[in-house]
Amino acid sequence: MKPMLQTTDLCKSFGGLKVTQSVNLSLEAGARHALIGPNGAGKTTLINQLTGVLRPSSGAIWLDGEDITALPPYKRARRGLARTFQINSLFPHLTPLEAVTAVICEREQGNLSLLDRRFFKLTRRRKEIDEAHALLERLNLADDCQRQTRELAYGKQRLLEMALALALRPKVLLLDEPAAGVPEGESDELLAVLAELPQEISILLIEHDMSLVFRFAQRITVLVSGAELVSGTPAEIAGDPRVQEVYLGKHHD
Amino acid sequence: MLHFLGLLFDGLAYGTLLFLISVGLSVTLGLMGFINLAHGVFAMLGGYLLVLLMGRFGIGFLAALPIIFVLVALVSLVLERTLYRPLYKSTHLDQVLLTVGIIFVAVAGATYFWGPGQQPINIPGWMNGQLAVGGLELSRYRLFLMALGAAITLGLVFGLERTRFGAKVRASVERPRTAEAMGIPVERVFQITFALGSGLAGLGGALGVEVLGLDPNFPLKYLVYFLLIVVVGGPGSIIGTLSAALLLGVADTAGKYYIPQTGAFLIYVMMIVLLLMFPHGLLGRRKSI
Amino acid sequence: MNARGRTDPKPHYLLALAAQERWSRYEIAFWLALIAVYFLFPDNLMLAAQILITGLFAVSLDLILGYAGIVTLGHAAFFGLGAYTAGLLTTVGYTEPVLGLLAAGAVAGAFGYLTSFLVLRGRDMSRLMITLGLGLLLHELANEATNLTGGVDGLQGMVAGRVLGLFDFDLYGKTAYFYVLTVCFLIFAVVRALMTAPYGLSLRSIRENPQRAVAIGIPIRARLTNIYTFAAVIAGISGALLTQTTQFVALDVFSFERSADLLIILLVGGTATLYGGFIGAAVFLLAQNWLSTLNAQYWLFWLGILLIVTTRYMRSGVLGGLKNLSHLATRRRHGSRA
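Residue numbers (our numbering), protein chains in the order written: chain A, 2 to 254; chain B, 585 to 873; chain C, 67 to 404.
For the record, the hints were derived by calculation from the structure and aren't laboratory data.
Everything numeric in this text was worked out from a predicted model, so none of it was measured.
A portion of the hints provided could be inaccurate.
Computed list of lysine-lysine pairs in DSBU-like fashion (alpha-carbon distance at most 30 Å, straight line) [unchecked claim]:
| hint | chain 1 | residue 1 | chain 2 | residue 2 |
| --- | --- | --- | --- | --- |
| 1 | A | Lys76 | A | Lys122 |
| 2 | A | Lys76 | A | Lys128 |
| 3 | C | Lys76 | A | Lys122 |
| 4 | A | Lys76 | A | Lys172 |
| 5 | A | Lys128 | C | Lys76 |
Negatives, chain B to chain C, calculated, CB over 12 Å [stated by the list, open to error]:
| hint | residue |
| --- | --- |
| 6 | Arg761 |
| 7 | Glu771 |
| 8 | Ile776 |
| 9 | Ile851 |
| 10 | Val857 |
In this text, a Cβ means the ideal position worked out from N, Cα and C, and glycines have one as well.
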C-alpha cells in the first residue's frame, strides 16, 4: 500500500544545530501513528516542516504520492493535510458554527462560483452550514455552536480545535498534543472523540501522555535529538531498552 | 572636484544634525518598540527655545545650548510619564494616533505663539563666514556643527560601551525580557534614555535653526527623514543611525543640487527602496549598538 | 413557510446567522434619514455631501484596517489619485461623471494592487513607513508635475458634465447630494454583501487569527492583496466624488493630514462596523465645521487633544460607547459583542 504521508531523509538545521536528522516517516492510509520523544527532541520542528511553516534544509515530504515540500502551508491544507495546535489557536470572536463553516467554504471554494464566494449571503451556503452543524454535533459542540468561541469552556475549545481540522476532510491529520491542559475529568470526552475519528484518515499523534499514546497508536516512532531512535508497535516500543533509557534518563536529570 | 568636496562637507554637516535629532528616536524604537512619530516635536521645541532664550532673555548662543538640552529633556520626561508610558504595551496603531495627536497640538501651539513663518536667529559673529581650508571655503558654523556632532557621538559610544548605565541600556535593547529578569529596571532605563535622546533632539533642533529652518510644520516636514534614518540604521544602533544620517545628509544635499526639480521626491523613493532592500536596517538584523 | 418558497423549515442555527445578514431597521432608518437630509437641510447639502464622501473614504479604510488589520498612514494616496484622475479626465473632454468614477477607481485600484505587494511584506512598522512614504511620494509628484496638476494652485480647466448626460450639477448641491448618496449607497451595498458572504467570513478569520487561517487553507496573502486593492478602488471613487462635487482638485487630496484625519474618523466611528466610517465622518466634519469657524489652528489643536485623550483615557470610554452604539445599530442583539 502506498503511504499517505511520507518524509524522505528530512533534515533541518539552524546554523550548526541539527534539529531534524534524516527522518523517514511513513503513514499508510488509516494509520494511527504516534510520535513521542523527550522535550527538545524536535517534534514541533518536524510538525512545522510537515505543515510548511518551516522549509526543510534537505529531503522531501510527500502527501498521497505528491511532493509537497515546496508548497505553502495553505495549499497543503487544501490538499488534505490538516493539523491541530498544542495551544488552542481559534477565532475568539467567531462562533464555532461560523468558524467551521469558514473552513468548509474554503475547502469547497473550487466548487463555488465567484458570486457565491464574494457576494451572496453566507446563509445561502445551506449545505456547508448544515455540514458544519453536523460535524459540531458529532463532537458534542452543537449546544455551544452559537456562542462566541472565547466564551467556551477549555475542554470544548479543545474539541473545536479538532473540529476545525476535521472540517477540511483531511487525508492526513496531525494532532499536536490534543490532551494538553485538559483536566483528568474532562479527558474522557476527548478520548471518545479520538476513538471515533473516521477510519480512512491517517493520523500522526504527538503526545506526552503515554497512556493515551499506547491506547491510541498502532505504531510509534521515538524521536531523540532530531533523529529517529526507533519505530515499532506499542509492544515493541514498550519493551525496547533504548526507549526506557531515554525516558528513565530524563527522570534522573 | 573641489566643488564636490564642498557639497560633501555640507551634506555631512546636515547629516550630523539629522543624527543628533534621530538618535533618540532610534533608542526609543529599539528599546521599547514604541513608534514615536512625534519625536520631531522635541527638535522643534529646541529650536523655539533657542529663539526665545536668545531673543527674549538675551542669553548667548553657546550658553543657551545646554539650557535647551536640559529643558527639552525635562519636558520629554513629563510627556513620557503622562502620555507615552501607558501605551508601551498598546498596539502600534494606538501609539501612532497618540503621537500624531502630539504633533497636531505642537503644530497648533507653535503657530499660536510664534506665527506660521520661519524664525530667524543670530548666531555669534565668530561663527559667521567661511574658513579657507586648502582652497575650500568651509562655513565656520558647519565646522562647529561637525565638531560638536563628533564629540557627542564619541561621548555616546563611550557612555554605552564603558559605563554601567550604558551596559544596562545595551542589555535592555538586546534582550528586554532577559534584562528585566536579571533585575535591570528596563522601564527606568528607558525613561532616562528617552529624556537624553529627547534632549539631544532639542539640541539638534536648536543647532538646526540655521540649517534646517524652523516653522510650525517642522515635525511633519522632517518626519520621514527621522523615520528613514532610524529604520535604515537599524533601531537601537548608534553607529547604524550615524551612518544612515550621514548618508541621507549627503544624498539629499547632492540631490537638491544636481537634480533640484525632483525636490523631496528622491528621499521618498530612497525610503521605499531602502526599506524593501534592508527590512532589518543597513547593518543587518542585529539590534546591537 | 418563508418568502423564497422553500419547504423545509429553517433550522434554529441558521436563524441567528440570517439575522446578522438581514438589513436591520436601524440600517434602513439610517439610509432613509440620509434621504430626509435633502429635504430638511437644503442649505447644507454641500456639507452633507462632503460627509458622505468622507464616510465612504473611511469605509474603504475600514476594509483594510478594521477587517484586514493592516495599519496605514497613506490612504490619501488612493483618494488623491482618484481625485486627480476624475479632474484630468474632464480636461481632455470626457466630462461624464460616472465615467470619471470608473476611471478613478481603476487608476487607484491599479496603484493599490501594485503597492499591496510592498505593503503586505512587512510588519506594522514597515507598513506604516511604506504607506507613509508612498503617500508623500504621490503628494510630491503632484506638487512637481505642475503641467499636469497645476501644482499648488490646483487643477485648471475642469469641466462639469451632466450625470449620465441627464442631470446638471447646480449651485445648491442638490444634484451633487443625490449623486453622492446614490454612489455611496451602491458601493456600500457591495461592501456589505462582501462582508456577509463567505469572503467576509474568511477576512474575519484572518484578522482574528492568521496562523489558524493559514492552517485551514485560507491564502492570506492573496486575500489581503485582494481587499487592499478593493479598498483602493473605493478610496479612488471617493476622491473622484469630491472633485466632481466641488469642481476643484488641489494638492491637499494627497496630504498626510488627510490620511491621519481618516484614521481618527474611523476610530471615532468604530472599526469593523460597516457604518463606523459614516458616523465618524459626520461627527468629525460637523465638529470641524463648527470649531474652525473660530480659527483653523484651534481645530488642529483640539483634534490633537482628542487623539491624545482617546488613546490615553477612552479606549473603552467614549470610543467604546460609540462603538457599542454602532454595534447595536448594525447588528441584532443576538450574537453581538456588546
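Hint check results:
no.: 1; hint: A:Lys76 <-> A:Lys122; in the structure: holds (26 Å)
no.: 2; hint: A:Lys76 <-> A:Lys128; in the structure: holds (23 Å)
no.: 3; hint: C:Lys76 <-> A:Lys122; in the structure: holds (15 Å)
no.: 4; hint: A:Lys76 <-> A:Lys172; in the structure: holds (14 Å)
no.: 5; hint: A:Lys128 <-> C:Lys76; in the structure: holds (12 Å)
no.: 6; hint: Arg761; in the structure: holds (19 Å)
no.: 7; hint: Glu771; in the structure: holds (17 Å)
no.: 8; hint: Ile776; in the structure: holds (22 Å)
no.: 9; hint: Ile851; in the structure: violated (8 Å)
no.: 10; hint: Val857; in the structure: violated (10 Å)
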